[in-house]
Amino acid sequence: MDIGLLRPGEEQACLEIHNRLRRDRRSLAQWRWEFIENTYGKAPTPFVCARDGGRIIGTQAFIPIQMIDKVGVYWTAKSEATLIDFKYWGQHILEKMYEPLFHYAEEQDFTVIWGFTPAAKAYTQLPFEFPGKTEQLFLPFSSRMITSLVNKATGGSNSFLRAAAVRAGGSLVAALSSTRTALSSKKLPEGLEIRTMESADEQAGSVCERFVDQWGGATIYRDSRYLQWRLFENPYVRSVVKGIYEEDKLLGWVAFTIGDDGIGYLVDLLVACDTSRYTAGKLVGRLLLEAVLGARNMGATGIRSWRVNQHPFERLVASEAKKIGFYHVKRGYPVVLHNCPAGEKRPSTVSFDNWYVTRIYTEGALS
Amino acid sequence: MISRAAVGYVRSQLAGHVRLFFHEPAADLIKGESIRFLSYVDAVSTKERCIVIPTDIPIPFEPDLPWTSEFNGTSVTLWNRIRKPDAEGWRGVPAEASPVWWVHDSGTVLPSWNLFGNILDLLTFGEEKRSSERDQHGRFDWKSSPRTKHGLLEVPTVNEAAALLVAALTSMSRSEPPALVLGDNILKPPVVVLSHDCDSLKGNDFTSQLIRLYRVIQPVTKGRWPKLSNLWWIARNATSPRRYYFDDATGLLDIERCFGATSTFYLLNGSGGRLGARSPIAEARRFADRVPSSWEVGMHYNYDTYLDRDKFAAQLGQLKQAIVQPIVSGRAHYLRFDPFRSFSFLREFGIYVDESSGWSDKVAYRNGLAGCFQAYDPESDVPLDIWEVPLAVMDDGLVGEFGADSITAIERHLQHLKCVGGAFTILFHPGNFANPEHPRTIGIYHEILKASRRVEADFCTARSLVDLVRK
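Listed in order, the protein sequences are those of chains R and Y.
Using numbering that gives the first Met the number 0, the first residue of the first sequence is number 0, and each one after it goes up by one.
Using numbering that gives the first Met the number 0, the first residue of the second sequence is number 0, and each one after it goes up by one.
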């Protein structure tokens with residue numbers, strides 16, 4: 000067994016193991032966008048392969064992501080591409096693949112390694128904490144979304160009666176949601192303007208700085224370069240990004256898209272309104288409504304979003320979302336977190352409730 | 000007798016096509032001296048390493064029995080066979096029974112089918128010229144095409160011919176026999192050209208509501224239950240006129256953004272009624288204001304403007320006053336289009352991109368081409384400065400023909416174009432995109448975009464495609 004960083008010429012083999020084990024059809028361009036052509040741009044790429052007889056049988060990677068808190072901008076690593084061929088399970092390969100990555104994180108002064116995984120059990124053997132889990136906010140436009148979500152949860156094995164009940168229940172919750180959406184004011188408050196961004200706004204980084212000043216804690220540093228890569232040049236599916244402006248000053252944005260499953264996804268939402276005459280709740284509600292109507296017009300069966308922790312902005316989003324017809328479901332994946340030595344200097348990493356993270360494309364793709 | 004102008008026309012269409020869908024070396028090869036357009040007698044007597052294309056073989060009314068050959072991971076379909084020359088030294092490649100090329104020992108390569116005649120005939124609407132059959136709207140029906148009964152309407156024969164030529168020229172440039180495979184980095188990804196005819200941007204117009212009311216009552220006259228769901232659509236669009244129409248159009252813009260696509264919105268204005276515009280010009284203006292600069296806005300020529308200068312000028316004038324985008328492209332409402340008079344007519348009004356050549360109820364290549372071509376005036380024997388981007392797929396036609404297999408059909412075409420190069424043109428109406436009143440087409444557009452992504456297709460508008468080839 001040979002474990003080490005990605006070597007030249009191994010990209011195709013890494014893609015193939017992903018497509019084989021995940022039964023996916025990811026393209027090489029998509030793979031490269033995620034791991035090679037991201038905003039980090041430093042060599043070597045933090046992508047580890049486990050090889051047996053020259054054949055790749057496991058992968059584990061980092062996507063370096065900048066975060067920001069009141070102290071400034073810092074690098075973190077998001078754990079991705081956790082794959083081990085079934086035949087090699089139980090051989091502690093994940094632990095062995097993480098070893099060079101932990102070294103890498105230390106060398107590069109990464110503050111924290113984080114991620115979301117359905118395979119939390121595998122991480123119990125590693126020095127990771129499990130500070131929370133993702134939960135869902137969703138708003139169905141039709142019963143098809145509920146049917147789709149239930150089918151995902153049950154693997155599609157529903158009896159006729161159960162399917163009929165799900166459909167009837169789905170219709171009812173969709174009708175209730177659409178009533179609440181319809182009753183929400185569509186009028187844009189005076190002095191505000193909503194624009195669809197055709198490319199990332201240069202003011203994005205400054206919004207993030209104001210965001211952590213206003214709300215505290217830490218969040219992903221979405222400067223225009225990051226947004227351009229993650230949202231506007233995403234080779235899976237891009238986002239519609241709507242910015243809210245007051246006298247040409249960007250106060251925040253909402254990004255939404257449609258997944259391959261036909262469900263709309265709230266990809267990102269951020270508001271920093273310390274200098275605005277409007278409350279954050281008003282702006283968040285308005286942006287949520289834009290996402291809901293936008294996803295509905297794109298033919299989505301509903302829209303869903305994450306609810307991750309008790310960050311004050313996260314709580315505000317959840318509260319505004321409920322007003323326009325979202326429901327909250329406590330189902331999701333555990334968060335895994337590892338504090339690196341460099342992270343000890345940062346107060347924002349003490350509690351996970353200090354984090355504000357959105358879906359912002361979990362693995363690049365959505366569904 | 001084929002004129003030199005006609006030969007030059009076919010040659011330049013092939014060169015333009017190759018420039019669009021193949022990388023640079025291929026475009027240079029097709030323009031070079033290695034292809035010669037000659038009479039049949041001169042062609043078979045040539046004894047040099049080059050491709051000789053006979054230009055004087057007539058086209059029969061019915062396509063001569065077609066055959067297929069494997070090529071670059073797909074199958075190409077040829078018809079109107081050129082028999083193997085009688086002289087010694089000619090052999091069929093890849094096989095005598097189903098040849099693509101007749102190759103002489105000296106290196107001369109002769110197509111085994113009437114490459115020149117087929118292309119010229121299809122690009123100059125030869126089928127329409129030979130048939131007087133037209134439907135109630137004055138259109139040439141696909142059922143009247145002689146290609147129909149041989150299953151040739153779904154064959155992009157111009158694309159296949161161009162790809163075969165490029166493959167042969169590439170291998171011949173290395174002093175090898177004509178290959179039936181395109182090497183790496185020769186072919187560009189397939190292109191998807193999207194467009195939307197905005198017949199109606201509000202669902203509450205008198206005609207639409209009356210039609211819904213008729214649909215409620217009509218079954219009763221035949222002793223069936225009334226279709227009460229139409230009452231719901233009446234009420235819904237009475238209270239929310241833009242829902243599923245204007246909102247569909249903005250949804251189309253957004254979903255295209257998500258897939259990195261752009262498209263053209265053809266706006267219908269002018270006179271109203273069942274065959275005319277269903278929403279006021281103010282709605283067209285309101286929507287055009289929302290269309291970003293990477294998308295195109297064009298004119299959906301109203302039904303009554305067909306070859307009528309005054310009415311066409313009035314519609315165009317009204318549209319130009321309402322919107323800021325320049326109007327240089329268009330498509331005829333009901334695809335009402337005369338291939339012999341409409342091109343020069345449209346050019347008079349500054350239109351240089353047209354997307355009217357296609358069928359609403361059949362997924363097909365009306366001109367045997369997935370791409371674009373320059374219109375040709377057979378009267379004066381000169382090409383016109385107006386380009387046709389033939390329509391291959393229309394929403395209702397797609398689901399009408401293929402039903403649940405619609406996406407499989409789309410994917411089959413895209414996969415084929417991935418192997419031979421070309422642009423696949425798709426029309427989707429706002430109102431059919433996410434409208435529960437038309438459930439058959441719900442979700443289809445999203446699936447088309449996903450299928451396009453799977454084949455790694457590029458997207459462009461008809462105008463940007465034409466602008467590239469006009470350069």
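Check the hints yourself; a few may be wrong.
Claimed, not checked - The list that follows gives simulated cross-link-like pairs (lysine to aspartate or glutamate, EDC-like), each with its CA atoms no further than 20 Å apart: (1) R/344 <-> R/51; (2) R/281 <-> R/232; (3) Y/46 <-> Y/104; (4) Y/46 <-> Y/175; (5) Y/449 <-> R/259; (6) R/95 <-> R/1; (7) R/185 <-> Y/253; (8) R/77 <-> R/108; (9) R/241 <-> Y/61; (10) Y/449 <-> Y/380; (11) Y/449 <-> R/23; (12) Y/148 <-> Y/457; (13) Y/417 <-> Y/61; (14) Y/128 <-> Y/85; (15) R/77 <-> R/259; (16) R/186 <-> Y/395; (17) Y/46 <-> Y/85; (18) Y/449 <-> Y/404; (19) Y/449 <-> R/260; (20) R/120 <-> R/106; (21) R/241 <-> Y/253; (22) R/95 <-> R/105; (23) Y/449 <-> R/232; (24) R/86 <-> R/212.
Hints are computed from structural coordinates only; laboratory data are not their basis.
What you are looking at is a predicted structure, and each value in this text was computed from that prediction instead of being measured.
Outcome of the hint check:
For the given pair, residue 344 of chain R sits about 40 Å from residue 51 of chain R by alpha-carbon distance, which is inconsistent with the 20 Å threshold. Our distance criterion of 20 Å between C-alpha atoms is broken by residue 281 of chain R and residue 232 of chain R, whose separation comes to about 30 Å. Straight-line distance between C-alpha atoms of residue 46 of chain Y and residue 104 of chain Y comes to about 8 Å, which keeps the hinted pair within the 20 Å bound. Proposed proximity of residue 46 of chain Y and residue 175 of chain Y is supported: the alpha carbons are some 16 Å apart, at most 20 Å.
About 8 Å separates the Cα atoms of residue 449 of chain Y and residue 259 of chain R, which keeps this hinted pair within 20 Å; it holds. Straight-line distance between C-alpha atoms of residue 95 of chain R and residue 1 of chain R comes to about 10 Å, which keeps the hinted pair within the 20 Å bound. A hinted pair counts as satisfied when its Cα atoms are at most 20 Å apart, and residue 185 of chain R with residue 253 of chain Y qualifies at roughly 19 Å. For the suggested pair residue 77 of chain R and residue 108 of chain R, the alpha carbons sit about 14 Å apart, so the restraint of at most 20 Å is met.
With a CA separation close to 56 Å, the supplied pair residue 241 of chain R and residue 61 of chain Y exceeds the 20 Å bound. Distance hint between residue 449 of chain Y and residue 380 of chain Y is unfulfilled; the C-alpha atoms sit about 43 Å from each other, more than 20 Å. Between the alpha carbons of residue 449 of chain Y and residue 23 of chain R the distance comes to roughly 14 Å, so the proposed pair stays at or under 20 Å and holds. Straight-line distance between C-alpha atoms of residue 148 of chain Y and residue 457 of chain Y comes to about 33 Å, which puts the hinted pair past the 20 Å bound.
Under the criterion of a C-alpha separation no larger than 20 Å, the hint pairing residue 417 of chain Y with residue 61 of chain Y is inconsistent with the structure, at around 29 Å. Taking the CA atoms of residue 128 of chain Y and residue 85 of chain Y, the gap is about 33 Å. The hint is violated against a cut of 20 Å. Taken as a hint, the residue 77 of chain R and residue 259 of chain R pair is broken in the structure, with Cα atoms around 23 Å apart against an allowance of 20 Å. With a CA separation close to 36 Å, the supplied pair residue 186 of chain R and residue 395 of chain Y exceeds the 20 Å bound.
Taking the CA atoms of residue 46 of chain Y and residue 85 of chain Y, the gap is about 14 Å. The hint holds against a cut of 20 Å. Only pairs whose Cα atoms come within 20 Å are accepted, and residue 449 of chain Y paired with residue 404 of chain Y is accepted, the gap being roughly 15 Å. Under the criterion of a C-alpha separation no larger than 20 Å, the hint pairing residue 449 of chain Y with residue 260 of chain R is consistent with the structure, at around 11 Å. At roughly 28 Å between alpha-carbon atoms, residue 120 of chain R and residue 106 of chain R are farther apart than 20 Å, so this suggested pair is violated.
For a cut-off of 20 Å, the pair hint linking residue 241 of chain R to residue 253 of chain Y stands: about 11 Å separates their Cα positions. With a C-alpha separation of about 16 Å, the suggested pair residue 95 of chain R and residue 105 of chain R falls inside the 20 Å cut-off, and the hint holds. This hinted pair checks out: residue 449 of chain Y and residue 232 of chain R have alpha carbons roughly 16 Å apart, not beyond 20 Å. Restraint check: the Cα-Cα separation between residue 86 of chain R and residue 212 of chain R comes to about 49 Å, which exceeds 20 Å; the hinted pair is violated.
The structure fails hints 1, 2, 9, 10, 12, 13, 14, 15, 16, 20, 24 (numbered hints given earlier, in ascending order).
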